[in-house]
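Number of protein chains: 2
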Amino acid sequence: MSSEDEKVIEHVEETLLAYCRQQGLFKSGDRVIAACSGGADSMALLLFLLRRRRDLEIEVLATHVNHGIRGVNAIADANFVTAFCRKNGVELFLYDAVKEGVQIPQQPSEEWARGLRYGWFDQLAVQEEAFIATAHTMSDQVETILFRMARGTGVHGMAGIPPRRGYYIRPCLCLTRGETEAYCTALGQNYVQDETNAQDTYARNRIRHDAIPALQYANPAAEVAIARLCRQMRDLDQWLTGEAAALLQAATVEKGYDISVLRKAEGPVLDAALHSLISPVRDAEEKYITLLRFLLQRGEGALQLTPEVTYKVKDGVLLRLTPRGIRPPPAPPQPFGEGQFFLPGGYFVEFRRVKYEEFLKNQPIFKKDLNCCADCAKIQKNLQLRTRLPGDFFRPAGRHVRKTLKKYYNELGIPQDERPLLPLLADGSEVLWLWGSGFAEGVAPDSYTNEVWMVRTEKAEEDE
Amino acid sequence: MSSEDEKVIEHVEETLLAYCRQQGLFKSGDRVIAACSGGADSMALLLFLLRRRRDLEIEVLATHVNHGIRGVNAIADANFVTAFCRKNGVELFLYDAVKEGVQIPQQPSEEWARGLRYGWFDQLAVQEEAFIATAHTMSDQVETILFRMARGTGVHGMAGIPPRRGYYIRPCLCLTRGETEAYCTALGQNYVQDETNAQDTYARNRIRHDAIPALQYANPAAEVAIARLCRQMRDLDQWLTGEAAALLQAATVEKGYDISVLRKAEGPVLDAALHSLISPVRDAEEKYITLLRFLLQRGEGALQLTPEVTYKVKDGVLLRLTPRGIRPPPAPPQPFGEGQFFLPGGYFVEFRRVKYEEFLKNQPIFKKDLNCCADCAKIQKNLQLRTRLPGDFFRPAGRHVRKTLKKYYNELGIPQDERPLLPLLADGSEVLWLWGSGFAEGVAPDSYTNEVWMVRTEKAEEDE
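These protein sequence lines map, in sequence, to chains H and A.
In this text, residue positions in the first sequence follow the UniProt record's numbering: the first is 1, and each later residue adds one.
In this text, residue positions in the second sequence follow the UniProt record's numbering: the first is 1, and each later residue adds one.
Careful, some of the hints might be misleading.
Pairs involving identical chains hold if they fit within one copy or between any two copies, as the list cannot separate such chains.
[What the hints assert, rightly or not] The calculated lysine to any residue pairs, modelled on SDA-like cross-linking and capped at a C-alpha distance of 20 angstroms, are:
hint, residue 1, residue 2
1, Lys287, Arg228
2, Lys264, Gly337
3, Lys287, Gln232
4, Lys287, Pro220
5, Lys287, Gln22
6, Lys403, Val455
7, Lys264, Leu50
Everything labelled a hint here was simulated from the structure, so no lab data went into it.
Work out the full structure: start from the sequences and follow the hints.
What follows is the structure, given as structure tokens:
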């Protein structure tokens, strides 16, 4: 290996390690399944994970999807990935749509293929209790941003692909496509070429081949500049989301939101709040935000978002109507901290940080497994108070199992109607406290505990 | 004229009128000088202003600049614009760089030409007491955004070209380049082709000819979508600027800013505050914001921005050092309202809204021209409390003249060092209240006055 190659390898791996650390992508002991098409990006991802698995303290596995739409080329790709994994002792989960009996459409869209792929990844993540690492690069990020800008987007869309969502992890967002190729080349690793050509993909190709080189003429490091903008937008979006949550919190009344409070809010915060009311229901296009803002200004009328959900203003309150009656919209995520939270649907949660001794003294009756409190030292991450998201999982205290929240709710027999409203605390997709079930496995106080988080809950009676 | 042409004309003019109204670009009686190169965009601008000057209640003039760098073509353009103005009875201010004895560089850059042009516009605006309308279109806006994204930008840069800055007004930001061309064609108006080719212009040309068509392949209305994003970013930027101003206000101590207050702020607001500290000194690149944030975190050290300005943390206070000693940075703009404002440099301003009768009763001594109060009904626009900006002008009460703030400060003999700190209230570039001079001509109470804005000022003694 030439010293030039060594330099490339070191540069790429140090960049990736720094990014993983900064974004908190991996924890010691995580099982990580690399989604591997066989292209340069995903080969770079898999190579990096394998070469640095000791530094990251993770277990590395892989998966490959044959969508059943590229015939013999797809089989060659599957064989390529299989051979690599066999040679490197990596457990590989192959998914073959045809063998699985999937009905392949006549003209499969990129959207269809994506749905198939992610359906399988979701299943695999739960089955293997693992995270899925995908190889999206900074170049994909920049293409996504430009594509969204063309189609119409706001701050939220400009935040781009997040480095982590539920059990999905994207370590390569810090690398350009050129860098993943250079890394493979420096390691003497060949890779396959992807040649899909669906409609959306073709629009993306024009962005890749025409738009980005034009921007690179203005600045050769244009991709890096746009990726940085994207990170700024993500920070801004998260902060706005927090402000919006605080606004909705302040406006919460029993059945909905007091419109006089909402009306006092300033433009961008109100828009972010309205976005968080619409986004669980449908794509929060600017049109719907404008219509909902208009509804608030008028102080009367209704806006039907889908056959299932209508927003209506009645007696100064913004209500959410469904065919099953009035259901308030779920609470938007907000940062976890000490305080009292009045949440939609009459849910009330209070969090307090207290000395463990004091907690023991003042707690008249112990819940048998102490799951109404958690050791502060064990949950120091950036938690959010929110409701369920796809991909959430929970480890109920004392049960030694990890379940998707969906399965766990099924087990508890919680009605579908109530599920969107139940408050929880989560670190990414890992639920650390759940309404009615308390804190998760592994965060209970022990003999070293100094301070604990205490939680108190109440629910207003429904008067329907 | 065909009915198709009539439709185009009506659509374009209604779009322009709505935009002018919505953005408050013109006031009755304004003198407006259209900057006219002779190209489609600026011919469309001039045609619109002429055809609808009665609706807008404005006087329309024009100006054309021959930069002295395109020889015979430039002379043809000047003749074209001259002929148009003569035929339509429009007063034209021709500027010919060669005739004015300007030294033309060997390889004049686009930057140089821009400087020449805007230097002349500035002079003309003051000399003619007029606004300058430039023909920037939505297409220019989108090119600017993409260009800035490539070079590296944040929320502020994503806000694009503002529809109004000082005495500059851009009514055509609501039209695509295609629409200005269609409007000229529908009116049977020919126009000249511009063919500059400086370096930056060439990068812009690649964005225009390669990047934008690629985005239009994803969505034919991509320009409209990006212009809308741009407006959202402008709202967001303005709101963040307000939050940042409130933060700096809260952190203000006599000589600078209390770093313990700044440190408590959240990322985007702190960044906007740091941006407002850096931008009067030099281009507020992300690098400097990061360095200044780092300085705050460390709580010691210094950051030299230019040979003239250094920021330093001493005893928990962020100071601004210049060769002439410690000078606090100017106050960032904030929305005008009732309240007390402690501003950098020891300036204190209090605004109160009171019944005129009460004011007359409680005011023990009248200033001879009553310029410590203004009729509320006469200043209802969106005012900002800020310090001077280039292009500001002021009409001192009782003097019947309009002056640039620069000239007025010269007249008053205010030291250069103090000028950046003097508080003022402004509606765009029109200063309505100025530290030491009171309210401007035309806003004094009269016999119909019901309520007045009262202002009280104090200045802390300097202990240097």
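Results of checking the hints against the structure:
1. Lys287 / Arg228: Between copies only: 12 angstroms across chains, 28 angstroms inside a chain, cut-off 20 angstroms.
2. Lys264 / Gly337: between (25 angstroms within a copy, 15 angstroms between copies)
3. Lys287 / Gln232: between (25 angstroms within a copy, 13 angstroms between copies)
4. Lys287 / Pro220: So Lys287 and Pro220 pass the 20 angstroms test across copies only (18 angstroms; inside, 36 angstroms).
5. Lys287 / Gln22: This pair counts as between: shortest inter-copy Cα distance 19 angstroms, intra-copy 36 angstroms.
6. Lys403 / Val455: neither (23 angstroms within a copy, 64 angstroms between copies)
7. Lys264 / Leu50: neither (54 angstroms within a copy, 41 angstroms between copies)
Consistency with the previously given hints fails for numbers 6 and 7, ordered from lowest to highest.
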